[in-house]
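Visitor: Sequence:
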Amino acid sequence: MVTMNVSLPGPMKDWVEDQVKTGHYSNASDYVRGLIRRDQEYQDQREALIKALIDGEKSGVSSRTVEEIWRGVKARHGLEV
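Using this note's numbering, the first residue of the sequence shown is number 36, and each one after it goes up by one.
It should be emphasised that the hints constitute simulated quantities derived from the structure, not laboratory data.
Hints are not guaranteed to be accurate.
[What the hints assert, rightly or not] For each label pair, taking beta carbons as the anchor points, the in silico distance ranges come out as:
id, residue 1, residue 2, range
1, TRP105, VAL41, 45 to 55 Å
2, PRO44, LEU114, 39 to 49 Å
3, TRP50, ALA110, 41 to 51 Å
4, SER42, THR100, 49 to 59 Å
5, THR38, LYS86, 29 to 39 Å
6, GLU76, ASP49, 20 to 30 Å
7, ALA87, GLU52, 35 to 45 Å
8, ILE89, PRO46, 38 to 48 Å
9, MET36, ASP79, 21 to 31 Å
10, SER42, ALA83, 25 to 35 Å
11, TRP50, TRP105, 24 to 34 Å
Just so it is clear, CB atoms sit at the ideal spot from N, CA and C, and this is done for glycine as well.
Using the sequences and the accompanying hints, generate a full structural model.
Guide: Below you can see the structure in the form of structure tokens.
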């Protein structure tokens, strides 16, 4: 693992230290790693959503009604139909 030094304003430093004090994180580095992991997951989900929206737009207009589409979604996911 490599080391990276980060400068923070006082209130942010206090926030990080408070998060560590809660016991959810072992130290400031653990907290920052958690933030980065969550940001990576967010970016991955965002990119997947954008791709799905673009693909949907390219696919054109559906001949199915909104009700038919919802029924199909619910059936695929085992929800009430």
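Visitor: Going back to the hint list, which numbers does this structure go against?
Guide: 11
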